[in-house]
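*Asks:* Residues per chain, in single letters:
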Amino acid sequence: MIQAKYTVVRGDYARAGEASADIKRTLKQLGVDSSTLRRIAVASYESELNMVIHSLGGTLTLVIDNDRVKLTSNDLGPGIFDVNEAMQEGYSTADDIARNYGFGAGMGLPNMRRNADKFAIYSMVPDGTTIEMEFNIG
Amino acid sequence: MTIEHLCTLIEGKPLTTLDTDRTVVSGYTCDLLSWVMAKGSPDAAWITVQTHMNVVAVAALHDMACIILPENITMEGAPLEKAEEEGIAVLTSPKSAYEICGIMMCEGIPASE
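Here the protein sequences line up with chains A and B, keeping their order. Its first residue numbered 1, the first sequence is counted upward by one per residue in the numbering used here. Its first residue numbered 1, the second sequence is counted upward by one per residue in the numbering used here.
Keep in mind the hints are simulated off the structure, nothing from the lab. Just so you know, not all the hints are guaranteed correct.
Which bits of chain B does chain A cover? Going by a derived footprint, with three or more residues having C-beta under 8 Å, they are [claimed, not checked]:
id : stretch
1  : 29-35
2  : 64-77
Label pairs and their in silico Cβ distance ranges [claimed, not checked]:
id : chain 1 : residue 1 : chain 2 : residue 2 : range
3  : B       : Asp43     : A       : Arg15     : 44 to 52 Å
4  : A       : Glu85     : B       : Asp19     : 41 to 49 Å
5  : B       : Thr8      : A       : Ser35     : 30 to 38 Å
6  : B       : Gly108    : A       : Ser35     : 22 to 30 Å
7  : B       : Glu76     : A       : Lys5      : 46 to 54 Å
As a list, the in silico PhoX-like pairs of lysine-lysine whose alpha-carbon atoms are at most 25 Å apart [what the hints assert, rightly or not]:
id : chain 1 : residue 1 : chain 2 : residue 2
8  : B       : Lys39     : A       : Lys28
9  : A       : Lys28     : A       : Lys70
10 : B       : Lys95     : A       : Lys118
11 : A       : Lys118    : A       : Lys28
12 : A       : Lys70     : B       : Lys13
13 : A       : Lys70     : A       : Lys118
Positions of the beta carbon are idealized from the N, C-alpha and C atoms, including for glycine.
Isolated chain B, as found in the complex (with noise of 0.2 Å):
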């Protein structure tokens, strides 16, 4: 699926470029970096209230497609700028991060592995 596509389904707004071509091919969620270091992987949407520089970090060191960020939380400054550099989307959904979990499960997006 496009991260368009996505961005769609959970009636998100995009906070950078989206690349029209690019797919999410697995979805993740977890607020814990560390963890996300373990577990991430490519082309993955991840889902996080996170919003520092280091969640840019971890998302282009993994290759993954996109941040997204539940309940209306945004993302501003420096790691926006960074994302866009990185060519990661951020996105920002007024759902729930169970929510959007629930959504992408249901369009057959596999949990990352």
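Chain A with its partners taken away, still in its complex shape (with noise of 0.2 Å):
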């Protein structure tokens, strides 16, 4: 089993997709074919972009256990307050900030569920979100 964890910081654009491109990297190192890299990648970095954009921070939790890969997300707050809101195509509180570097567009929650194979999300204001993906790589 290999594990890996990430720390994102809140409001850094500069660094974020560093975990995403390492947790690829690892993979394409175990030979994961390269639609399922791209699946895994595109999740992840949705995840990353998603605490550095909204939450205070938080981690990013990699886990490959033989034919499936775990991502998971836990931030810092400030939580979702009604995530099936959240969850829908173009629906977005992004700011300023993140709507200049060309994101905010209420793709990110959508994006990651389509990507992976199992997908769950626990909210809670103001404690924060968890969210759990698993990946097929068998």
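Can you join these two chains into the complex? Each is in its own frame, and there are hints to help.
*Replies:* Next up, the structure:
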């Protein structure tokens, strides 16, 4: 079993994507096919970005166990008031900074759900949000 | 079509080293990175006016062939170094995004799916 934990800092757009790039490199070395690799990388990047844009910071954990990859994001708050609303394509609460970078189209959570084989989200205001995603790589 | 050939067609200038064998199989244009994350595809040429670090990250995660900056927009510093490191070609062209898309379509490069 391989495990790695990455810290994601609120507002750090310059480093956003570093964890995903590392995860992609690790999985590539394990011989994961390119299509699955991209699905995981996209979901991971969206997860990183969501924490950079919306949270007070958090962690992204990677677990590779036999034929499954599990990605878990845990943030420090402030939590999502209405998860069902946040899961809708086009719904976004991103600020002007995020929008200037080209983010905030309201595609992040739906994109994660679309790319993962299993997806679950738990959120509590003001404690934070946890997203669990699983991918079959067998 | 090779990136080099495409670069000539759009009167472009490479800002990174060009892999002369690398080919472009599709094209896409959009400045909303979240959108590109959802729709990007491998070996695509992506036309955008955005030039920050996240553009390179998105292109790299999708294994895109190149980023094309229209209307003589340029990219400098850390994002360009990152593009070089990731093997993503960055081109700048005097033509508009509309014109570049037109040229690519006329040459038979389909839209990314």
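*Asks:* A separate judgement is required for each hint: does it hold in the structure or not?
*Replies:* Hint check results:
Against chain A, the stretch 29-35 of chain B contributes 5 residues with a C-beta closer than 8 Å to a partner C-beta. That satisfies the three-residue criterion, and the hint holds. For a cut-off of 8 Å, the count of residues in the stretch 64-77 of chain B with a CB near a CB of chain A stands at 0, and the three-residue condition is violated. Checking the proposed 44 to 52 Å range against B/Asp43 and A/Arg15 shows it is violated: the Cβ atoms sit about 27 Å from each other. For A/Glu85 and B/Asp19, the Cβ-Cβ distance of about 44 Å falls inside the hinted range of 41 to 49 Å, so the restraint holds.
At roughly 31 Å, the beta-carbon separation of B/Thr8 and A/Ser35 lies within the given 30 to 38 Å, and the hint holds. B/Gly108 and A/Ser35 have their C-beta atoms about 24 Å apart, which keeps the hinted 22 to 30 Å range intact. One distance hint, 46 to 54 Å for the beta-carbon pair B/Glu76 and A/Lys5, is violated here, with the actual separation near 33 Å. Pair hint B/Lys39 plus A/Lys28 holds up; C-alpha atoms about 21 Å apart against a cutoff of 25 Å.
Between A/Lys28 and A/Lys70 the CA atoms are separated by roughly 15 Å; this keeps the pair inside 25 Å, and the hint holds. For the proposed pair B/Lys95 and A/Lys118, the alpha carbon gap of about 43 Å is over 25 Å, so the pair is violated. For the hint linking A/Lys118 to A/Lys28, the alpha-carbon distance of about 21 Å falls within 25 Å, and the restraint holds. For the given pair, A/Lys70 sits about 42 Å from B/Lys13 by alpha-carbon distance, which is inconsistent with the 25 Å threshold.
Restraint check: the Cα-Cα separation between A/Lys70 and A/Lys118 comes to about 9 Å, which is no more than 25 Å; the hinted pair holds.
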